[in-house]
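K.L.:
Sequence:
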Amino acid sequence: MARYSRNYDRLGRGSTDRVFEHSDGSKTIEQYASHRWAPGMHMQDGPRTITKIDPDGNEVSRVVKPK
Numbered sequence: 001m002a003r004y005s006r007n008y009d010r011l012g013r014g015s016t017d018r019v020f021e022h023s024d025g026s027k028t029i030e031q032y033a034s035h036r037w038a039p040g041m042h043m044q045d046g047p048r049t050i051t052k053i054d055p056d057g058n059e060v061s062r063v064v065k066p067k
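So the sequence shown is numbered by UniProt numbering: it starts at 1 and just counts up by one.
Where hints are given, some of them may not hold.
Result set (BS3-like, lysine-lysine): computed pairs, CA atoms no more than 25 Å apart in a straight line [said to hold, decoys possible]: (1) K52 x K27; (2) K65 x K27; (3) K65 x K52.
Read the hints as simulated data drawn from the structure, not as lab findings.
Based on the sequences and whatever the hints tell you, model everything.
P.N.:
Listed below in structure tokens is the structure:
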């Protein structure tokens, strides 16, 4: 199972980057375009970029999914 970690900015809010660390050493990073909390807005609003990184730290693929 992938290990899940969440980054926090200096104010202690969760950032929109989600990092999944896989058992083979590779990582999947999900980044969301919108990063401000506002009434009625979710962190997942906006396009999402999914980056896959192999165990050596090389970027394998980058996919941008629409909203």
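K.L.:
Would the hint linking K52 and K27 be met if the CA-CA limit is 25 Å?
P.N.:
Status holds; Cα separation ~6 Å.
K.L.:
Taking 25 Å as the top limit, are the C-alpha atoms of K65 and K52 close enough?
P.N.:
Holds. K65 to K52 sits at ~14 Å (cutoff 25 Å).
K.L.:
Starting from K65, check that the Cα of K27 is at most 25 Å away, please.
P.N.:
Holds: K65 and K27 sit about 18 Å apart, inside 25 Å.
Of the numbered hints listed earlier, not one is contradicted by the structure.
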